Amino acid sequence: MSKVTTMPVLILKEGTTRQRGREAQRQNIAAAKVIAEVVRATLGPRGMDKMLVDTIGDITITNDGAKILDEIDVQHPTGKVLVNVAKTQDKEVGDGTTSVVVLAGTLLKKAEELMAKNIHPATIASGYKKALEKAIEVLDKVAVPVSIEDEASLRDVASTSMRSKTIKFFRDYLSDLAVNAVKSIVEERDGKLIADIDNIQVIKKPGKSISETQLIKGLIIDKEVVHPGMPKRVKDARIALLACPLEIEKTEISAEIRIRDPEQMKAFMEEETNMLRDMVKKVKDTGANVVFCQKGIDDTAQFFLAKEGMLAVRRVKKSDMEKLEKATGARIVTNLEDIRTEDIGYAELVEERKIGEDRMVFVEGCKNPRSVAILIRGGLERVVDEAERGLHDALCVVADVVKEPKIVYGGGAIEAELAKEIRRYAAQVGGREQLAIEAFAEALEVIPQTLAENGGHDPVDILVALRATHDKPDGIPYGVNVFTGKIEDMVALRVFEPYLVKKHCIASAVEAAITILRIDDVVVAAKPPPSKKEEKGYGEEY
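In the numbering used here, the protein residues as written are 4 to 545.
No lab work stands behind these hints: they were computed from the structure.
As the structure is a computational prediction, the values presented were derived from the model and not from experiment.
Treat each hint with caution, since some may be false.
Each computed BS3-like pair below joins lysine-lysine, with the alpha-carbon atoms no more than 30 Å apart [to be verified]:
| hint | residue 1 | residue 2 |
| --- | --- | --- |
| 1 | K357 | K208 |
| 2 | K70 | K226 |
| 3 | K144 | K409 |
| 4 | K133 | K423 |
| 5 | K171 | K36 |
| 6 | K235 | K310 |
Start from the sequences and build out the full structure, keeping to the hints where you can.
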């Protein structure tokens with residue numbers, strides 16, 4: 004009888020690593036918990052900041068969850084999932100980036116405990132989905148409707164979003180700016196009110212104090228007036244926006260002009276001057292006294308503009324041109340032959356000012372501007388950067404309330420209420436899914452727990468008191484006061500969050516947790532072989 008030899012079958016490329024089953028799940032959950040722990044200490048008004056130093060030594064000091072995770076350059080694939088969740092939260096609703104990561108990490112931690120009891124990940128995922136549906140239902144029921152005319156509530160929402168930031172001492176002043184800025188750009192689309200914060204230009208300039216941050220009912224153009232002979236200040240400005248150059252363009256076809264007589268040369272030069280003079284005249288005839296040009300302006304054209312007493316700025320960014328169009332009511336002209344008086348916009352004042360070391364052109368006093376600007380000041384560049392992040396959150400949450408005019412109670416009050424209702428719902432479901440739904444309720448309570456921990460209080464005592472308060476009929480608005488360590492009425496403390504932020508936060512955290520939970524096989528490709536330079540030890544300069 005002949006001996007049969009079995010040859011190994013190679014499925015994966017040499018060097019590829021693979022983790023399967025419980026080991027893969029354990030590693031993924033461990034990575035997610037580490038990511039959640041990184042940002043957990045930054046949650047709430049008493050949260051701490053992180054100092055991040057990049058490869059070239061630049062320092063970032065922040066407690067913004069999305070910024071922290073972006074800067075630390077996470078390499079683990081599961082960690083990257085949570086980083087993307089934080090980025091999506093920031094992009095969609097602008098706030099709640101830390102909460103979504105902490106909640107996702109806690110959901111996975113609870114799932115790990117259930118899997119240790121031999122409950123299948125699919126059962127846990129099913130329970131989490133049912134709990135999410137119940138959470139959204141309860142959230143809809145307890146959310147408080149508000150009007151966008153209720154500026155006090157809008158300011159409270161903006162102020163709450165900045166309580167954990169470095170700029171919290173200026174939050175009342177900045178909340179006013181945020182509300183006024185967002186209300187200026189509200190527009191109606193398909194019967195719904197929308198506030199697109201891309202129409203709010205944010206300019207940062209270190210110097211002075213955060214309290215000198217200002218809202219401009221118009222735009223700031225980070226350029227200077229092109230000619231020293233032009234006026235630096237124009238009142239009752241009539242503004243022309245040109246997307247075409249004020250210069251003689253070269254022909255597309257290569258051509259040669261033979262000039263044999265000096266008079267011909269003189270005529271040639273004069274004709275070019277006349278053409279530029281005509282261009283300026285066309286703009287002047289519309290009644291414009293200020294020109295913003297997206298392209299170049301010839302030196303000769305600059306002279307004629309200055310002679311006419313017109314202020315001109317060239318090489319303006321396309322995005323700034325579009326904002327100017329919305330702010331001033333002008334129309335961007337792409338062909339100078341088509342320019343008309345009705346294309347001209349208006350602003351009360353256009354002025355060049357020196358801010359720090361730079362000169363900038365301010366366009367102020369626009370009628371019903373659909374685009375506005377905020378100039379952020381601060382003593383340090385890093386303070387200005389953090390102020391920008393805080394103001395971004397404030398603008399986003401106000402825009403969220405405009406989009407979905409509902410708010411919920413902050414301070415962990417809404418999470419405690421959801422946890423209470425979900426526990427009641429779990430008993431109705433029964434079976435193994437009941438355990439997953441109860442775990443979901445416990446995971447929600449990580450938000451008030453973390454707020455208490457970061458405030459220096461005992462999280463167990465706080466949680467017991469919070470549950471007892473929410474068992475009462477009028478306990479819904481009660482949450483954690485991190486400064487006193489007591490359970491207090493969030494309505495009295497004016498701590499509110501947008502309904503949209505909370506809904507998106509819980510839904511995104513559950514989706515991320517289920518995605519990671521369902522992975523039972525991780526295949527990591529082999530690294531590419533080193534190049535010849537690397538083998539020889541040569542650096543970049545080779």
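How the hints compare with the structure:
Annotation: proposed proximity of K357 to K208 holds, straight-line Cα distance about 11 Å (limit 30 Å). Annotation: proposed proximity of K70 to K226 holds, straight-line Cα distance about 29 Å (limit 30 Å). A hinted pair counts as satisfied when its Cα atoms are at most 30 Å apart, and K144 with K409 qualifies at roughly 11 Å. Only pairs whose Cα atoms come within 30 Å are accepted, and K133 paired with K423 is accepted, the gap being roughly 15 Å.
Straight-line distance between C-alpha atoms of K171 and K36 comes to about 29 Å, which keeps the hinted pair within the 30 Å bound. For the hint linking K235 to K310, the alpha-carbon distance of about 14 Å falls within 30 Å, and the restraint holds.
The earlier numbered hints are all upheld by this structure, with none contradicted.
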